[in-house]
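Given the sequences, and given the hints that come with them, work out the whole structure.
Next come the chains, spelled out residue by residue.
Number of protein chains: 2
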Amino acid sequence: MTVVTDVPRIFIEACSSVRSQVSRLVGTEEANESYGMGAGGDVTRKIDMVAERAVMDILKQYGLNCTLIAEEAGKVNLSNGKSEGFVVLDAVDGTTNALRGIPFYCCSIAFADSNKLSAVKHGVVMDLFTGDVYSASKGNGAFFNGAKIHVKEKYDESRYVVGMNVSGVNPAKIEILKPIMSKANHIRHMGANALELCIFARGLMDCFIDIRNKIRVTDIAAAYLIVKEAGGILISEDGRELEVELDSNSRLSFIAAANKRVLDDIAQTTGMKLKM
Amino acid sequence: MTVVTDVPRIFIEACSSVRSQVSRLVGTEEANESYGMGAGGDVTRKIDMVAERAVMDILKQYGLNCTLIAEEAGKVNLSNGKSEGFVVLDAVDGTTNALRGIPFYCCSIAFADSNKLSAVKHGVVMDLFTGDVYSASKGNGAFFNGAKIHVKEKYDESRYVVGMNVSGVNPAKIEILKPIMSKANHIRHMGANALELCIFARGLMDCFIDIRNKIRVTDIAAAYLIVKEAGGILISEDGRELEVELDSNSRLSFIAAANKRVLDDIAQTTGMKLKM
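Protein sequence lines correspond, in order, to chains A and B. If you're matching positions, the first sequence starts at -4 in my numbering and goes up one per residue. If you're matching positions, the second sequence starts at -4 in my numbering and goes up one per residue.
Read the hints as simulated data drawn from the structure, not as lab findings. Computed from a predicted model, the values in this text were never measured in an experiment.
Any copy, or any two copies together, can satisfy a pair, since identical chains are not distinguished.
Using 25 Å as the maximum straight-line C-alpha spacing, the simulated DSS-like pairs for lysine-lysine come out as follows:
#1 Lys41 to Lys149
#2 Lys268 to Lys173
#3 Lys173 to Lys209
#4 Lys168 to Lys178
#5 Lys55 to Lys41
#6 Lys70 to Lys133
Laid out in structure tokens, this is it:
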């Protein structure tokens, strides 16, 4: 049996295993083979299945007694005895990018000691293209390849970089976001939310907004802790602390802002009620 | 004096020189130092200046008799005798990404034998993060690291990847784009148009739309030829062939579509008159 303090090391090893198994599939027809419907409600592709199995193999190898919450497999009991907690997994976030060969996709693994987002204690996200590792443990800060990171402190409106997910967004939500698109000179959407949140946590974007209510808790659990530990604000669309049950069907909206001033700016520009 | 057929090789060498000189500046404060207003109307940053000079040094070294049209320096006569044509340069496309450290920015260099976009005969774009090279010469096809590329042929609406630049877009244009944002499950904007068009030319995106009328000809000249030679459709917002004078102040809008079916789809969804 593994003690919980080993968790980040195990997760990094699991991500590395995903990276080595997935790299040969990126951009191939084979990666796109369908394996039926996953627990998260999308079709499971071979690349997702291979990646998820790679993580499960490592978790089993180390005997981590946990309940796995995964995008494809759903809820799986991996414990032989008493479960030590929940492992929340999106083995490939940015599957479409990986299927196409657009170099922006990642593996996201989080550990929580109870069944809710705020109970996440460890989070690891690996950029599967570069191999860069983002990690955080509650109360110990956030790291990029082992170096401490912090969200952007400097406020420079002229060079504002706004991450924004508008893929398949409801027209009513576009009305809310329209003033930001018009105002900000630099809108970004790379196509892998967990990795985009990590880039935000590293101080490379001023905010990241996804109010589509489509993001799964499996996509966001690890990045949630990384953002928090990097000093970022991460709240729901109605200005509350982000909270949701750890389940492969849980969906949410969020606004991540580097500081209070950026958050106020978003609220003022859009009219959203984001006062905390 | 250099003969024009050497041009692609010289351009690749110029891009490599940019890459080696720029890499140490990426994500630093130093890169952001202001050097006044560039010819294209934006503040020139140190990173842009260093990159542009690196290209000019290589062009001079090979004695390429040309008129340079560059984002920062504007129009510069580099010929000792008779000018052999125009070199259209954006030494760093995606400056904001490079300044922040977001790994998506490129160097774009084109050669034209007369003063208009359709006269572009050679184009090279280097991904300055990965070092990957996109290139094309008129009538000889487009290449990615030396391998022939083609725009996406397969039509799969459920996995449609739509590149779309909405940075600082006029609200009226958002109204036009809104139905696509709602319909497409995969919207992307990485933040370096030239490189995004190359990724499109490689078949990784189905279309790329920028109707803000903000793109400079320096941003697009090389990618224009790469897209055309990869079999892509590249037209103006009103459905005409893309054409513009080679000048650092020329601005344009464009729609790039992998095939006629994708173009019809964009026209139908948005109501834009894109019949060619």
